[in-house]
Amino acid sequence: MGLTNTIKEVATRWSNRAEASLDDAPAQSVLRRRAAQSGAHARPDLTGVLGGGKYSVEAPIGTGATGIIYSAWHTHLQRRVALKVLRPQYAKDPAMGERLLHEARMASLVENEHVIEILDCGRFESGQPYLVMEQLEGRRLSDLLDDFGTLDLRTAIDIAVQLAEGLCGTHQAGVVHGDVKPDNILLCRRPTTEHYVKIIDYGVASPMEERQTSARARVVCGTPSYMSPEQAMGASLDGRSDLYSFGIVLYEMLSGTTPIHGRHPGELLGRQRSIPPVPLRSRERCGHIPPRVEAIVHRCLEKDRERRYPNATDLLRELQFVQRRLSEGAVSIPPTRPSAGYGPVRAVPLPKLVPLMTAAPANDMGGPVNSLPLPSLPLAEVEDRRSKPSTWPAPSRPRAAAGAMITRQGRRPRSPHLMSVVIATTLLGVVMGYAGASLYGWVGSDAAVHHVAE
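For the sequence shown, our numbering begins at 1 and goes up steadily by one.
Accuracy of the hints is not assured; some may be wrong.
Simulated pairs of lysine to any residue, SDA-like, Cα-Cα distance not exceeding 25 angstroms [as the list claims (entries may be wrong)]:
#	residue 1	residue 2
1	303	238
2	92	111
3	54	91
4	54	69
5	54	80
6	54	143
7	303	271
8	92	64
9	54	92
10	92	119
11	54	137
12	303	283
13	303	274
14	54	121
15	92	121
16	54	142
17	54	96
18	92	57
19	303	279
20	54	135
21	54	120
22	303	190
23	303	282
24	92	125
25	303	235
26	54	97
27	303	429
Because the hints were derived from the structure by calculation, they are not lab data. Please read all numbers here as calculations on a predicted model, not as lab measurements.
Start from the sequences and build out the full structure, keeping to the hints where you can.
What follows is the structure in structure tokens.
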């Protein structure tokens, strides 16, 4: 009964999204834009100097489900910041105010370059809570996916590596994010890249110890499309729950859709617990994805968290290996569509491994049978082992079967006994010829002496 009531509660919260299917990315984009437009008429007028003269608030620069973000000038630090406050309909709700301050406390525990930096939090003179963050320029990953559908492999892996680094810092600080999704991944502009990852919105995050012991662990919080099975059941969470959500995000970047769909939140939560995801490489335009990348995604999406990566560090190590191989041009990836403004993927084929010799076992007549090719290694193993020459020696020369010989391009092998006879006969002829010549020279000399004596 408890689980049923929890699912009904989540379904009620999501009832305003029932008009669109959860597997329809354009519909989700429309709903987000409608929410932003509806919030435009309910923005509180915060322009002016607030916080005891500490903040000079300017125009709004973004909106969320429950909050509005303003650009502000920190008069003490002399820097531009982002100020987040609640929407008017939530501003007087004590629970929502506490959640905003909770978000500030959880994010401030994490010190990582890929996590949003929290500078301050508190309440204005009116009692309205606020939090102050670093102001960033960029766009959400969800907006990028709405515009382009999918990302090329190299861009998706670059984003995934940075996201995994941010999750490493989050989990090392003892925090579970609890809502990893494209809406909470900000891609910022930097001199070297246009997709520098910042993880935002720690509103449902909690310390891991609290997730294990607190009664809050029985409350389902998050986004059903990106929830782990244990999160959908209201069970205790650890960092592996975020890795499941990470797998969904990487799956969506590569395929353009989430792996699990449902007609309503209740059905979606049930499928997250029991239905396996559609294999990534079977999706349209995903056949070119290397099997190793697919294996990484599906290990993150294991229903049993004991079968996922034990921590974000191990996941990061796998992704960094793939990233290195892609940067070296060691994997040939044909582009599926124009890349999302980050340049085309460079396809560089791998050199083929051609066997130099073949082993030809003999038949009953002593002649060779058709040549058998040397066994070849799978591409994934070749790539892995090429990167570790010290632990992967060159294969030894194959041994021929009993009675077989190493032959060249189809030439009939010569009998070793016949070759020995030919060599011995040749040597014997040379020796006999030398002996005959010596004997002839001695007889000739003796005759010449006898003739002179006469």
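Results of checking the hints against the structure:
no.	hint	result
1	303 / 238	holds, 14 angstroms
2	92 / 111	violated, 31 angstroms
3	54 / 91	holds, 21 angstroms
4	54 / 69	holds, 17 angstroms
5	54 / 80	holds, 12 angstroms
6	54 / 143	violated, 33 angstroms
7	303 / 271	holds, 10 angstroms
8	92 / 64	holds, 17 angstroms
9	54 / 92	holds, 23 angstroms
10	92 / 119	holds, 24 angstroms
11	54 / 137	holds, 23 angstroms
12	303 / 283	holds, 20 angstroms
13	303 / 274	holds, 7 angstroms
14	54 / 121	holds, 12 angstroms
15	92 / 121	holds, 17 angstroms
16	54 / 142	violated, 33 angstroms
17	54 / 96	holds, 24 angstroms
18	92 / 57	holds, 21 angstroms
19	303 / 279	holds, 14 angstroms
20	54 / 135	holds, 16 angstroms
21	54 / 120	holds, 11 angstroms
22	303 / 190	violated, 37 angstroms
23	303 / 282	holds, 20 angstroms
24	92 / 125	holds, 14 angstroms
25	303 / 235	holds, 13 angstroms
26	54 / 97	holds, 21 angstroms
27	303 / 429	violated, 82 angstroms
Violated hints, listed in ascending order, are 2, 6, 16, 22 and 27; each of the other numbered hints is respected by the structure.
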